[in-house]
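Chemist: With our numbering as the guide, the letters of the sequence shown map in order to residues 35 to 155.
Derived from the structure by calculation, the hints contain no laboratory data.
Below, simulated BS3-like cross-link-like pairs (lysine-lysine); rule was C-alpha separation at most 27 Å, straight line:
#, residue 1, residue 2
1, Lys81, Lys110
2, Lys135, Lys110
3, Lys81, Lys53
Simulated restraints, written as ranges between beta carbons of each label pair:
#, residue 1, residue 2, range
4, Arg49, Glu138, 40 to 46 Å
5, His96, Leu64, 17 to 23 Å
6, Asn55, His91, 16 to 22 Å
7, His145, Ala48, 44 to 50 Å
8, Arg66, Phe86, 37 to 43 Å
9, Gly130, Ala48, 32 to 38 Å
C-beta atoms are modelled at their ideal positions from N, C-alpha and C, and glycine is treated no differently.
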Amino acid sequence: AHFRSEYIGREMLARRQQKLNKHMHKLIRLARVFNTVAVVTNQVMAKPDVFFGDAVHPIGGHIVAHTSHTRIYLRKAPRGPVRIARLVSSPYLPEGEEVFKITENGIEDVHENEKTGRRYK
Numbered sequence: 035a036h037f038r039s040e041y042i043g044r045e046m047l048a049r050r051q052q053k054l055n056k057h058m059h060k061l062i063r064l065a066r067v068f069n070t071v072a073v074v075t076n077q078v079m080a081k082p083d084v085f086f087g088d089a090v091h092p093i094g095g096h097i098v099a100h101t102s103h104t105r106i107y108l109r110k111a112p113r114g115p116v117r118i119a120r121l122v123s124s125p126y127l128p129e130g131e132e133v134f135k136i137t138e139n140g141i142e143d144v145h146e147n148e149k150t151g152r153r154y155k
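With the hints as constraints, model all of the structure from the sequences given.
Modeler: Laid out in structure tokens, this is it:
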């Protein structure tokens with residue numbers, strides 16, 4: 035939200051995207067130097083005028099999408115503590131989804147018998 039609050043309006047879009055690009059590339063360099071991973075979150079917003087396709091779009095736009103190595107879209111299931119992780123982009127893994135739940139014990143698998151009769155789309 036820092037970039038959205040500092041760079042308000044369309045006239046600031048180019049400057050915001052340039053600054054975001056610099057930050058993303060700095061994170062990539064740091065991750066390579068220290069042989070670690072950089073985890074970046076990207077806020078999404080709904081576009082109510084979209085009738086076909088996905089009405090949810092990431093705020094970071096193409097800058098975050100193209101500089102990210104692997105992208106995972108996390109969302110809540112309609113009911114309960116269940117979440118869905120969808121692999122959107124990876125250079126070596128196929129797209130796919132996995133259902134999991136967050137409990138007092140942490141992150142746990144959702145077993146097949148718990149999935150029966152429920153739709154997590």
